[in-house]
Amino acid sequence: MVDLTRAQESPAFPAVARPTVAWGRPKPGFFGLLLLSVTVFYIFLPMIAVFLYGLATTWTNHVTPDGYTLAHWRDSLADGRFRVVLGRSLALAIGTAVLDLLLVTPAVYWQRVRNPRIRPVIEILAAIPFSVPYAVIAFGLLPLSGTYAPSLQGTLWLLLPAHAAVAFSFAYWAIDSSMAASNVVGLSEAARTCGANVATTLTRVILPNIMPGLASGAVLAFGVSFNEVALVQILCGNRFETVPLYTLNLLKSTDADFNSLAVMTGITFAITLVLSVLVVSLNKGRAAAGGTTDAKGAPA
Amino acid sequence: MSHHAQATGSGRYTAAARTLSIGERAKALFVDWSLALPLIVMASLLLIAPALSMVWSSFAGEDGHFTLANWAKTFSSAASQHAMENSLLLAATVATLSTLFGTPLSWMISRMARWSRSFHLGILNVAANFSGIGLGFAYVAALGTYGMVTLAFQNVGLGFTGLPQSSFTGLVLAYCYSNVPLFVLLSLPVMSLLRDEWWEAAQTSAATRWQFWRYIGAPVLMPFILADWLLIFTWSAGMYGLPVALVGEKPGAFRLVTVEMYRSLYGSFFGDHRMPVYAVLLMCLAAVSLLTNRWIMRRGTRWLT
Amino acid sequence: MSTITIEHVSKRYGDKLALDDVSLNVHSGELIALLGSSGCGKTTLLRAIAGLIDPSAGRILFDGRDVTAVPTRMRPIGMVFQSYSLFPNMTVRQNIAFPLKVRGQSTAAIARRVDELLALIGLGEWADRHPSQLSGGQQQRTALARALAPDPAVLLLDEPLSALDAVVRLHLRDEIRRIQQSIRTTALLVTHDQSEALAVADRVVVMRQGRIEQLATPASLYETPTTAFSASFIGNRNALNLPVRDGRIRLCGTIEIATALTTPRALVFVRSEDVRRSNDASGQAATIENRIFEGSTTRFYLTIPTDDGPLHVKADWPSRETDELRSGDTINVVIDPRDAHVFPG
Ligand SMILES: Nc1ncnc2c1ncn2[C@@H]1O[C@H](COP(=O)(O)OP(=O)(O)OP(=O)(O)O)[C@@H](O)[C@H]1O
Ligand SMILES: [Mg+2]
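Residue numbers (the working numbering), protein chains in the order written: chain F, 1 to 300; chain X, 1 to 305; chain S, 1 to 345.
It is worth saying that the hints were derived from the structure and are not from the lab. All clues given are correct.
Chain S is faced by these chain X residues, among others (derived, beta-carbon under 10 Å): (1) R195; (2) A207; (3) Y215.
Model, not experiment: these values are computed from the prediction. Note that the Cβ used here is the ideal one computed from N, Cα and C, for glycine as well.
The shape of chain F in the complex, shown without the other chains (with noise of 0.2 Å):
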C-alpha cells in the first residue's frame, strides 16, 4: 500500500502543476461514460461475489445466494484458528509499522539536518523493494537466514525485519515529504537558537510537526504488511500463518470452504478500504490525487 503519486514525484519529477478541473469540463462521451460504467462495474463484481458468499446459506444455481445467514460471520469470528491468524496478521503489520517508523524517522531527519549524503543511500535501498518483487528478496533470503541465523528461520524475528525492510521505501516517501514540507532544517535552527539539544528538539518541535506524515508512513507499512504473502510464505511457511497465507491454504485445499474464504477476504477488504481512505484523508493537502495502493500490487 503506497501513495503512488510520490513514485513518480520523488527524484526526477518537478512541481507538477495543480489539477485543474476547466476544460470546459466536458462531459464524457459514450465511449468514455461506456468506459467508466464498465470499470466500475468490473471493479465491483467480484466484491459483490465475496459480500453474497458470505452471508449465503447456499448457493447451488441461482445469480443469487438461496439464502442468507450471519452464521459465517458469527463462526469464523468464533473460531480459534481464524482469530489466531487475524491477532498474528495484526500484530505483525502494527509491529511492522512502528519498526519503520523507528527506523526512517531518525535515518531522514538527520540526512535533512546534519548529513545530505544520506539521501542517495537511502533512495537506492527504497528503490529495491519498489521494483523487486518480494518473492525474490524472500527467496534470497532463504538460503543466507539457513547459512547465519538458523535459528531465525520460520520465526516472526526474521519475518518481521523483513516486512520492515519491503516496507521502509512507502514509509520513507511518506515522512520524506511531509519532513520537506514543514522545513525541519529551519524548525531544528530555531530550536538549537532556543538552547535545546537533539532528544528535545526531536520530541517537543519536530515531531508534533510532521504527525500527519508519520502517520501515513505508518498506515502505508502497516498495508503491506497485512496484504504481503511471499515472505510470509516463503520464509516461514504454515509454522507462521497470517490472513492471507491462511486464505491461500484455505482455498487450496481440496474442500475449500467457500463463506468462511469470503469471511476473510471481505475482512482484508475492509482493512483495505479503511487503509485507502486514511491515507488518503491524511494526504488531502496534497494537489495529485491521493493514490494508495498495495506495494506494487504486485508481490502481495
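Using the hints, position chains X and S with the ligands against chain F.
Frame of chain F, contents of chains X and S with the ligands only:
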C-alpha cells in the same frame, strides 16, 4: 578523509574537521551517519544481501564452484523457456491493456468535478490495493465454476462453465483487476501536466481535437505513459500471490516464472537450479525498468524545467 | 478583416456577472483597446469572441454572421493569451508554425512565413529553443508571432506586451499597429497601460465590473471622459471631492465652476498638467509639500488652504522651468474651470 568531511557537512563541521586527529575524524564520520545506520544496515542485510546471494546461487554449482550450468540448463529447458515466455507475454499483455484502458480513464477522471473524481478515485484505489490472495478468491467467487457470473450466465441459458482460472485469458482478466486501477493512479498526476490553456491555444490556432492530441497531447504524455507501461510490465511479471492462488500446483497448468519459483519450495520435480536464475532475471528486469523509467522521466520533463 | 458585432453579451459565473450586457461594434480593420482594472471582464470578453466560452446570453457576429455557436477552430482568429499558452513540447519555430500546419499549408510556405515572423519579433537565434528555455518576454513575443502567423481576420491580444521591457514594448507596440494596418485585420487589444491604449487604438473601451463604461476615440476619451470612472482611469487627474453650493462649486480661492448638479457634493477631475502656475494675483497661494523629478516633467504635491480645509493637489510642470522650486516654497496656481470635469460626488 578531509575531502570526505568537506563534502559532507556544512562549513561549520569542515573547519573543525581539518584540525582533528584520525580518531576524532572517524568519530565525526560516525556521528554524521549514526542515526541513519540502523536503517541502512538493516535494509542492506535484508534487501541487498539476498539479491547478491541469489546472483551467487545462480552461478554456483552443487560443489559450490562457479558455473554457468544453471543458466545454460534453464535457458535450454523447454519448460523454463515456456515459463519465461509466458511471464513476459502475460506482463506485456496486462501492461498494454492497462495502458489502453487506463489512459482514457485517467484522463476522464483528471477532468472530473471534485466529488465524482473522489468517488472514482476511491473505487480505483481500493481495487488497486485489493490485489493479492483476496483478489484470487474474489475472482474465483465471481468467475469460477461456482462463481456468481458463471451462475448468472447459466441461468439465462448460456453454457458458460466459468473461466479456467489458470488459463492465459483468466490470468489476464485477474491481473487487470488491480493493474488497470494502478495504472490510473500512476498516470493521474501526469494528466494535470496537460494544461487546459493549451487546448484553448490549439483551438484558436484552428486545430481539431485530433490535431491537438496528435501534436500536443500525445507528445507531452507519451513518455510518462511509456514509463507507466514499463512499471506495470515489471510488476506484473513479478506478481506472486495472485498467480499462486489461481494457478498453484496444478500439474500441467499454465507456467509462469513466479509460479515455478513457488513450486520449487515444495517440489523436487524440477531442479532447484532454475529458481535463482529466475530470481536474477526478475531482478534484472526490475533494474532495467527502473533505470529506463528514470531516463524517460528526465527526457519527458526536459521541456518542463 | 471582418467586423465584429457583440450584441447584449453576458457571462455569468455562479452568481458573479463577468460580462454584463455588453454591446460593441468593431469596424473592419479597426483596433480597439480594452482598458479596465483587474477582474473587470476584459479576458472574458476576448474569450467569448474567440468562442472559448459560451456567453450566458447575447450574440456575437463576424461580418454580420452569427458565430455564437461556431467552434473556436472555425473562427478566423489569432489570439495571444494572457499566460502565453505556448506548447511546451514544441520549439519557438514549431509553435509559430502550428496554426499554419493545422491549416494544411505546404512546408515551404510555412518555413517562409515563420522566418518572416521570427525576424519581426527578433527571435531568430532562439528559434529552436523550447518555451521553458525562454524569458517571459521572449515567450510573449513567440505567442504574438503564433497569433499573427495565419494573417487572421480577427486578432485578439490579451495583454500581449505586459512582460516586455520599455524599449521592446514600444517597438512591438508600433509593430503590432503597423501589421494590423497593413493586413487590415480587426483587432482587440487588452492592456493595463493607458498610454499604450491611447497610442495604438482607433477607439478605446473602458470597462468596469463587466460593463462598458465608455467607448470613445483616444482623443475624446482623454479630453472629455463621460463618467467619473473614465475620468479617474485616463490621464493623471486630481480627483477633488468638493461641496456644491447654490449651483456653484468653489475650486479654490476665487475660482468657481457653475454646475447643474443637485447633489450636495461633486467629484471634480482636473488633469495634473492643467494645474498651472500664475504670477498675477488671480492665482491661489499653494505650498509645495514635495517634488518628484520624472524626467521631462516634475510632479509637485501642493496644499491649497481653503475655507473647507486644505486641498491636496498634484501638478505636473516642465522640469526645465521649475528648477528653482523647493519643498516648502509658496507659489500661485490657477485652474481654468473649462479644464475641470464634474460628476456627482
Ligand atoms: N472560469 C471562471 N470561473 C469563475 N469566475 C471567473 C472565471 N473566469 C473569470 N471569472 C471572474 O470573472 C471576472 C472577470 O475576469 P477576467 O479574467 O475577464 O478579468 P480581466 O479583466 O481579464 O482581469 P485581469 O486584468 O486581471 O486579467 C473576474 O472577477 C473573475 O474572477
Ligand atoms: Mg485578463
